[in-house]
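*Asks:* With the hints as a guide, bring both chains together as one complex.
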Amino acid sequence: MFRTLQQRIVFLTASMILLTGAGLSAITLYDGYVTVKEQHLEKLKATVIETGSLIESDLYLYNIRKLRNTISSIRYGRELDRIWVLDAGGRLITDGTKSPTLRNRRPDFTFIDRLTAATKTTLQDGENYLWAGHPVTITGNDAIGYVVAATKQTQFQSVVTEQLWKYFLLLAPMLLLSVLLAALLGWRISRPLSEITLVAREISRGNLDVRAEVGSSDEVGVLSHTINDMADHLSQKINELQDSEDALIQSKKRVESFNQQLEKQVEERTKDLVKANQVKDEFLASMSHELRTPLTSIIGNSEFIAEKVDDQEIKELISSVEVAGRGQLALVNDILDMSKIESGKFTIDEHPYNLSALLQDVEHVLVTRAHDAQLELVFEQTSREEHLLLGDGQRIRQILINLIGNAIKFTDTGTVSLTTHTDGNHLFFTVKDSGIGMSPEILDRLFQRFEQADGSTSRRFGGSGLGLFISLNLAEMMGGTIDVSSQEEVGSIFELILPYRPSELWEKREKKRSYNSSVLDQKLSGYVLVAEDTPELQLLERRILEGMGLTVTTANNGKEAIDLASSQSFDLILMDMQMPEIDGIEATKMLRSENNQTPIVALTANVMQKHRDAFYEAGCDGFIAKPIDKQELKRELKKHLH
Amino acid sequence: MSTITPSRTFHPMKRLFLALLFLFMTSSQAWSMTITVSTISTDPVDELRVFKPFADYLAHTLSESGSDIDKVDVKIAGSVPQVVNWLKRGKIDLFIDSSITALQVNKLSGSQYMLRRWKKGRGEYRSVIFTRADSTISNLGDLKGQVIAFEEPFSTSGFMLPAIQFGLQGIELESVNSPRDLPSPNVVGTIMAYDNETQVTWVERDMVAAAAISEGDFSDFEKTALEPLRIVQFTEYVPYHVVSQRADLDAELADQIKGTLKRVHETEQGRKMLMEFERTSKFDDIPPKLLSNTLKFEPHLTSLLPVN
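These protein sequences, in sequence, are chains A and B.
One point on numbering: in this note's numbering, the residue at position 383 of the first sequence is 383, and numbering is uninterrupted.
Each position in the second sequence, counted from 1, maps to that position plus 1000 in this note's numbering.
Next up, chain B with everything else stripped away, as it sits in the complex (with noise of 0.2 Å):
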């Protein structure tokens, strides 16, 4: 005698409903994408509201442009190593900061570089180490057994170009915990002072004997200026701002992306919302000159800078 088992087969009517929903649901996913823009700030309310329009243009005129991209989200990072992290497991797709700054998530995360932004109206920036008129100091090297006030570490401006520039003369830098410590003698103390008006603040009233900013940054601070004040050393220009993309992000995509970016300026809408967008006048491509003074400062970063 034989036993017959039932099999385990699908009802044909349960086979074309799970058929269905597979289709809804892949094709769901194609009508509705999502990419993450991020900065690094100290700040990320400020940053948030600053960012969330252009997030929010950006979507627009991507679904628009055929894209399926219909949402751009907005994540504000606390430092270097987080945006890292983020690019690294795809939580984010775009990273819009300083370009040596950007240089070294490239580096830590295998973003690249895919557009400038002129923020401010600028194409391109340098630092500037300066001290008070008055002060004795006439090189980087009359520093040692000094203070130096730097920005924020995340600060190409404020710290990544000043502090390159300190490496590249030889000259070694140590963190001290506050601007009215002193360092060993033979090296440049430094101290975060998080605002570049506190660090022209601190040069003004003799707490550091130097400090770094922007070139732009210094001419407004130099005319309200408590004491004159003398710039001791220019760092070669790079780009102010730029655009990362996340390493593996789709070619396509990115491409849109871009493309998308570099036409903003051109309708009345995108100059707008690029105006309050930290007056940005546009998106354009690194011009080679200035993509390779910022490529120089590429093997200095590991081993000249810590990472926080």
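Bound-form chain A, shown alone (with noise of 0.2 Å):
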């Protein structure tokens, strides 16, 4: 209603001063009245009373002319409405008029009965006059008539009226003047206030430059004071963080262009790296697969000849040159595991696996080197599984070899023992030998790269100091570790901790394999297809297989693979994987496609499960890994040929 700070004070003086004003006129006014009609009563008295007296003998005699006169006289002179003189009766005899209409009449009044019943002077403050009446009296005796005088209350009203309008007249001036200064005070308040607010927009605008006036010392001069303080130090405040703001600029652009030339360096460094990576991924590829062909063949060959030879002497020598191979290819493995851990590449690649087979294979991978050492190989699975666990059983594997290895490589008398159990949650791979020990300074450093106890071990135990390091890092790709704690000269214990991850596939109960030389001894029969790009392990396999009693033809590729399954009859096809013109997956799925039902098995260094499952994927009924295990090879073999 009132938006401005002027309005409001114009209105609340003003209001305050009506009020003031209202409420002591009201009060002056109401008193006033009161008074003013007492006074008047008591002046209606005196008339009457001297109006008596004055017409005592008249009234006795009815000199009716000199009643009217006397009362006409009185009546207007002392401006009464009405003044009357009654007979002893009530009734009028004259009201200072010529022959009244009320003549002879009782005045219809509730005075005249009071007047009259009273017989003395009475007064009434009535509802439309205010009346005075006075019994007249000659020598005391009862009244021979009454004196009535009675004014209007009207007359009041019109006396308050008129004082009303006095107090207006006196407050309206008053009232305009107040009005008048309360706008010039509230224009004096609000004036330097509005230019305070202006200046405070400015401000809040981002002015700063804008300073109210001070031209007082009180409360607005104190803000208009503040105002221009705030104004001050905010101007200052934001120069200091417009030069911060700048000095961030600068150094977020020198930071910026850093960055991008970082950005740019590691781009250029990160292609180098991939390319430096390809580059190494493609000369380990190369060099593992031109490493392992020769290996094969110096392997298997060396196999070969120890069996054919009687002579003990050539026989070890034969021994060591495939003990030598062995060792080159276990360390291409480890190198080639090495550089894809280190590259990222490693993958873990999980299915159900058989741990009863698994600890079966380990346990036939070393229980012939552990003979050897005349050392007692102890397996202990505290607990048979009833399912297929969910793992990468070859990598599992490979730890375990890598960890028995070690504590036959390291204990000179005594036992070795893998104890494999459960919680339920985790499975336990413990591998305890009572060896050489290590010392706490070796256990610290023990799963580094290239670490071995000490210069000497490689020395004396041989080896590349990968192992370790290539088992812990499978075991925590796992989500898994490996727990070591030994005792010097007492022996050590290593401890495999994987999740235990039961799958939903039964474990099928196979018999435990016997890997006596019986089975080696064991001939078989058969047509076998060979297929093979390389001569040398062509070769070694025709005589491994013609050595086991089968007839063999070799093919050099997948082409002369299928062209010649489809020619002739075979009861078993080895089939290489890497192979020129048709690899061995294509030309497995080929002669599916050709309906050709003849049993093939995978003979590959391809030993990542993937590959494993592309052949079986392609029609493959077998999978054997190289180099070749004899044992491992025959036993598959013996599956499929009658």
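Possibly wrong hints are sitting among the right ones.
[Stated by the list, open to error] The list that follows gives simulated cross-link-like pairs (lysine to aspartate or glutamate, DMTMM-like), each with its CA atoms no further than 20 Å apart:
id	chain 1	residue 1	chain 2	residue 2
1	A	K66	B	E1047
2	B	K1223	A	D95
3	A	K98	B	D1220
Calculated from the structure, these hints are not laboratory results.
Keep in mind that this is a model prediction, so the values were computed, not measured.
*Replies:* See below:
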């Protein structure tokens, strides 16, 4: 309603004055009204008493003319609304006029009843009139008549109205003056506030150059001063902030420039690294292939020669060649694994695996080595698994062979044991030996690359020093770890701990395999097609298979294999993977697509699970890894040859 | 040797000055004439208030009609003898009052009726003698030994007509000092109330046996009477009010005045003035019958009425 301070001040001041004035006026008016009425009643009383004494004799004689004249003069002289002379019965004798209409009538007013009943001077503040009446008596006898005088109440109301007008006429200029003064006061207060508001608004809009005029030392002046101080302070802070911001922007630009350079460098380095990695991978793949192929030949042929000769000295020489070859193969495998781990390309292939079969495989691989070292190798599985377990069985096998192999290597006498158990959450493989043990210092750096117990270890026991590094990394990639505790001259305990994750597949019960010499000695019969592109391996495989009593036909690539398998009948096909023209997987697919039902067993150096899966998906019936384990090969062949 | 005595002759210039002065004085007298109107009243101030507008209007009308009169004065007399005296000495020119009072004045001063005045719209009236209805009085004779209240000695209706009525019936009147006084048994006691309302009140309250007022006033008072009233006697009709002229008033002037007064009611302004002049409706000649009735009272005026 009142938007400005000035309007509010004017309104409040005017209201205050008006209310005060009205209140005082009302009190004064009421007081005056009551007083005037009381005074008037007293006057009326005096009038009727005085008139009574004046008209005594005329009333007694009923001298109407004189009564009329007297009453008329009193009536007009005292401004009475009514003045009557009544007889003893209250009837009108005269009201000061000639032949009044009420002549001889009793006026119809309750006051007349009161007066004639009281027979004494009577006053009444009536509804419409102020009344006074006085009995006229002669020598104290009964009243011979009455004098009645009355004044209309409206007369007093008019007095009040008149007084009200006076107050109004007095108050109105005062109110007007007050409003003007209040307006002036409001203007004096609001003007500097408005100016301050404008300044504050300008400051809020960011114009910090404006300042309020400090015109007085009162609150408004202090406010102006404070706003100016605030503006100064704000201006200073903003300048500081601006400087800081400028500095920040410069820094940011420098950082961005530096970052761009860095990013460029990183990008270039990354490209270089990627390229280097690619080169490295290609190199390693090439090296692996180039090393594996002759090693397979060396190992295979050494075994073959050892079996053919009877001279013990030659046997030992050939055996040392085989051992050296296997050492080289292990080294190649370790280097490849380490390379993959470091480049982050090592992947874990999780599939359901048979724990018991895995342990049997490990035992089979190591039992000969333990026997050669004249050690007792003990495998203990505390509980049989009902289901196949989820995990990378190949890598678990690799870790266990590494750990047990190390135990055999560093134990002169006594026992090497593997205990397997689970607590429901984890699977524990504990390898315990009674070997030379290790000091705490050696334990601290045991899992580092190329690390061995000491410099003499490699000289004494051989090895690349990569085994434990790879094992620990593999364990960690499978969500597990390897704990080790050791005591010098007492022995060591390595514990592979992996997540225990049973699948929903049931474990097949297999009879414990027999790895005695009779397996190797059993002869097989049948026609076997060997698809192998490497001539040395082709020859080796022919010799091994023929040694087993089989008739061998060779193909140099997948295409030849398909042609031969399509034109001739074979009992089994051994299929290499990497071959020119048509590789093994493709050849298998094509044979199966031609409805060729000859059992096909993959014989390959690609031992990753995904390679196994690819072969099985193509239609292979078995899988044998290179280098060739003759026992494993023969066992696989027996499955498919009758 | 002879001596020459200067003769007491006026210088010619002086003669001219005196002649002009004479002419001025005589002419100014002719240009500014005043007449005076009078009436009798016990309340001269009230009457003056009533008569003054009438007098002013009369002067204005006369002046406009070409009369030499340009001013009309008013003199209120307190009694018949005073009026008679003023008329005889030429102090007043016209007397306006009730017809019998005027008749008495005419008889004593030689003045004459000029016109009838229709005061309160009434051309004629008569008096009544009345008592309380419960009174045993049935005729004027029954009032012997009792008191009758008259109004005042110069009132036609309130005194002269009823008093003459008593005289006509051979009943003697005797003045008493108080309404409660009793006269001799063979006469009727009279007392002046000087107010008709007082007269009626005295009868109502049994202070006097009877009273006499005009018939019209009686009708008014009867409406507000304290007790029922009864008329015992009516008088003859006479003009209500009349205008009398001084005996030696210039006939031409008298005609001018008479003519003017008779035409007053013909104008709107005149009627308005007449209404304020006690509701007078007009002035006209006194009808012969009424004049005859009035003149019949003349012989009794001096014999029966004391002149106050």
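*Asks:* A separate judgement is required for each hint: does it hold in the structure or not?
*Replies:* Structure-based check of all given hints:
Taken as a hint, the A:K66 and B:E1047 pair is honoured in the structure, with Cα atoms around 17 Å apart against an allowance of 20 Å. As the CA atoms of B:K1223 and A:D95 are separated by approximately 17 Å, the hinted pair is consistent with the 20 Å bound. Among the hinted pairs, A:K98 with B:D1220 is consistent with the structure: their alpha-carbon atoms are about 11 Å apart, no more than 20 Å.
Against the hints set out earlier in the document, no violation occurs for any number.
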